[in-house]
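Asker: Numbering follows the working numbering, in which position 46 of the sequence shown is assigned residue number 69; successive positions increment by one, without gaps.
Check each hint, because a few of them may be wrong.
Label pairs and their in silico Cβ distance ranges [as the list claims (entries may be wrong)]:
id, residue 1, residue 2, range
1, G37, S60, 28 to 36 Å
2, E178, K143, 32 to 40 Å
3, P112, A42, 20 to 28 Å
4, R204, G243, 36 to 44 Å
It should be emphasised that the hints constitute simulated quantities derived from the structure, not laboratory data. Built from N, CA and C at the ideal position, the CB exists for glycine as well.
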Amino acid sequence: VDHLLKNEARPLHGKLTMAFMNVEAFLRFDPENPTASRYVDEDFNRLWTTEVLDGNRDSVELRRARELRPIVDTVDFLLDIHSMQTVTPPLMMAGPLSKGRRFAEQIGIPETVITDSGHKAGRRMRDYEGFSDPDSPKNALLVECGQHWEKSSSELAITSAWRFLSIIGVILAETAAPHLRVLSLTKQHFVDVSGPYTIQTDSFQFVEPFVGLEVIPAAGTIIGHDGDDPVKTPYNNCVLIMPSRRQLRGDSAVRFGRFLDMP
24 VDHLLKNEAR PLHGKLTMAF MNVEAFLRFD PENPTASRYV DEDFNRLWTT EVLDGNRDSV
84 ELRRARELRP IVDTVDFLLD IHSMQTVTPP LMMAGPLSKG RRFAEQIGIP ETVITDSGHK
144 AGRRMRDYEG FSDPDSPKNA LLVECGQHWE KSSSELAITS AWRFLSIIGV ILAETAAPHL
204 RVLSLTKQHF VDVSGPYTIQ TDSFQFVEPF VGLEVIPAAG TIIGHDGDDP VKTPYNNCVL
264 IMPSRRQLRG DSAVRFGRFL DMP
């Protein structure tokens, strides 16, 4: 956001909104415990259904989501920029619809695009309302730029933002060009996600320190244990997507997918 403001990313048409989402969590950042500030009460990116937003629950994150909802309701095109806990290749989360996949292809980075429906624990902002309606002109992407403190993550975030603004016509391509720090690719690879593994107990652990995009050749390979139960890959050449270090009951431990074209 600071980079875009300093470089005067101003819309030629319409309105451009830039926002930090979970500000309360950010303000609680502790360099001695850097992974503890992802959220205060619950994951901000699992709240985006009308049932949850209109419901009786309360949390720091829900209050913030309700505050932002009137703005999000006006958004035609959304780019939700994230970074990750582990040193892993960046990912574009395009959602399950063809319009999301086409949008990811237009952005052209990063190399790996994930098509999925999200998490059982709740809906992401990129899947909110018209973004997940095939008949709506609204569209959204979520880019996972890499590990939190890697310089390459900030470069991908900046490049993704400029390409996004250029592609939707908010700025001219020549305005974006000097700020593109990551070259667009001649080919991206798409992973079709069948779903997440949702943790059932309070004692989940992986058998190896997976970081993501590992391809497990054989179906039925044990990748972890959930209490006394083994967690196995559901099919051959199974891709592990974003294995989580926060292994809490009800959360996604990992998502399973297949490359539509092997890299």
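Asker: Find the hints from earlier in the document that the structure breaks and name them by number, from lowest to highest.
Answerer: Per hint list: zero violations.
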